[in-house]
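What follows is each chain in one-letter form.
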Amino acid sequence: MEILHVSAECYPYAKAGGLADVVGALPKYQQDLGNTVKVVVPMHRTKFLYDNEWETIHKGAFMMASSFFEYTIIKEKKNKLGFDFYCVDIYGLLDREKIYGYDDDTERFVAFQIAVTDWLSKWEHRPDVVHIHDHHAGLIPFMMQHCYVYNNLAAIPTLLTIHNAQYQGCMDWNKSNFLPAWDKGQLGLLDWDNKINPLACGVKCASAVTTVSPSYMAELQYSANGLEKLFEYEKEKCVGILNGIDSVVWDTKTDTYILSNFTSKDVEAGKKINKKKLCDDFDLDYEKPLFIYIGRLVGEKAAELLPPAINKAFETLDKKVNFLILGSGDPAVEKQLERMRSNYIGYYNSQIGYNEKLAHQMYAGADFLLMPSRVEPCGLNQMYALRYGTIPIVRSTGGLKDTVVDISEPKGYGICFNNASVDDIVLSINRANDLFADPKKW
Amino acid sequence: MVAIQKKIMNIDNSWDKSAEEYFNVYQALTNAK
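The listed protein sequences correspond, in order, to chains A and B.
One point on numbering: in my numbering, the residue at position 146 of the first sequence is 146, and numbering is uninterrupted.
Just add 1000 to the spot in the second sequence (first one is 1) and you have my numbering.
Simulated from the structure, these hints should not be mistaken for lab results.
This structure is a prediction, so every number in the text was calculated from the model and none was measured.
A hint or two may mislead.
To be verified - Capping the alpha-carbon separation at 25 Å, the derived lysine to aspartate or glutamate pairs in DMTMM-like fashion look like this:
no., chain 1, residue 1, chain 2, residue 2
1, B, K1017, A, D438
2, B, K1007, A, E409
3, A, K47, A, D84
4, A, K15, A, E409
5, A, K38, B, D1016
6, B, K1017, A, D246
7, A, K235, B, E1021
8, A, K237, B, D1016
9, A, K237, B, E1021
10, A, K312, A, D438
11, A, K59, A, E76
12, A, K265, B, E1020
13, A, K357, B, E1020
14, A, K28, B, E1021
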């Protein structure tokens, strides 16, 4: 089977979040299953772009509103990612440093989608499935079916995977002329709440829709940033499929970032060595349980609750616990987390930023991982933690609900709570501390 | 503690299972075509 993935991101070429991890990993595994897999993304000025060799495989042009654009499809020559990897360059729109965050993002991503559809319409054969990801590719099924110039693609099945429904790519109707001439009788497919909504359009027009966990799929029917009724209406063609983790990259047996490699057979000794090193590096107390947080310091992750929850945990547990935080995001939260270092010397530390090596070392050395997320479509950190023998403490939402079972359940192994609140987080830290202190419970 | 650590390290969250689930969706779509 031949599958074409269309995405704004793909690890290691360009990453802003979990979307890149999925689009970088899933095609490799699909290829292993015997499929032919191709991935196409916008051209961004990344290290991967400059470090690799490319060949031009197609040139084309299109009109968007009254502007004429030429595009080029380039292909990475040596199959470095394990599948065919293509970038779309559109002069003046796509060849930039950042993936997102420009005033003309709407134009940029509509143009990207037109270029991909145009290129696809020129292929001598057809892929079996076009698999699009998030709103950046959400208009493609509509264009394949209802733009006159592309109706040779109408019969190809399309699958939309939603990684985060908070972002929908909405644009005003005065931009409807961005799209190549389309059947005005299908206006309703583009519209949601009097705007052109690429994500909603993708849900309506794709042959099937997946989200990155079954629980997130269910949650979208009552919390989807305005699209709840649409998900309720389209539920028959929607299914949740959990993301996986790259078990080669995340392997305690071979991980070159950690001091002591280990397996489940020698987990006790292995984690002790890694914890000792981590505690020495960050001036923490090796004898106390070590709680970590790794991730973006933003509202979706409930990161602003970390400082008050940690303060309260230190009060209620008389400083019998350690915390180590790694992340970046909201400057106010970053500042608070940095300031706390001087208040709790010897049992709290933080590093603002992202550091892949340190993340591996933290999973290997910690006792517990905190994930109080308000929204977590799938979440990978809890899976990394499990693989590294670190107990996850999670708010029961989205993929966290699907991957962590509370220890009070017969087959439980983690700690779950319901509310993104300081009290629930502290209560969970207390439960974890009890378990740590009472070996019989382990 | 060790028992739980051993247990969680052996949970299979690799992509293999998910890739198969996606394949099943593709197959349903192409069969329905």
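Each hint, compared with the structure:
Only pairs whose Cα atoms come within 25 Å are accepted, and K1017 (chain B) paired with D438 (chain A) is rejected, the gap being roughly 36 Å. A C-alpha spacing of about 14 Å is found between K1007 (chain B) and E409 (chain A), which places the hinted pair at or below 25 Å, so the restraint holds. A hinted pair counts as satisfied when its Cα atoms are at most 25 Å apart, and K47 (chain A) with D84 (chain A) qualifies at roughly 18 Å. For the hint pairing K15 (chain A) with E409 (chain A), the CA-to-CA distance comes to about 37 Å; that exceeds 25 Å, so the pair is violated.
A distance of roughly 18 Å separates the Cα atoms of K38 (chain A) and D1016 (chain B); the hinted pair therefore holds under the 25 Å criterion. Distance check on the hinted pair: K1017 (chain B) and D246 (chain A) sit about 12 Å apart at the alpha-carbon level, within 25 Å; holds. Restraint check for K235 (chain A) and E1021 (chain B): satisfied, since their Cα atoms lie roughly 18 Å apart, inside the 25 Å limit. Between K237 (chain A) and D1016 (chain B) the CA atoms are separated by roughly 23 Å; this keeps the pair inside 25 Å, and the hint holds.
Restraint check for K237 (chain A) and E1021 (chain B): the C-alpha separation of about 15 Å stays at or below 25 Å, so the hint holds. Straight-line distance between C-alpha atoms of K312 (chain A) and D438 (chain A) comes to about 22 Å, which keeps the hinted pair within the 25 Å bound. Distance hint between K59 (chain A) and E76 (chain A) is fulfilled; the C-alpha atoms sit about 16 Å from each other, no more than 25 Å. At most 25 Å may separate the alpha-carbon atoms for a hinted pair to count; K265 (chain A) and E1020 (chain B) exceed this at roughly 29 Å.
With a C-alpha separation of about 30 Å, the suggested pair K357 (chain A) and E1020 (chain B) falls outside the 25 Å cut-off, and the hint is violated. Taken as a hint, the K28 (chain A) and E1021 (chain B) pair is honoured in the structure, with Cα atoms around 15 Å apart against an allowance of 25 Å.
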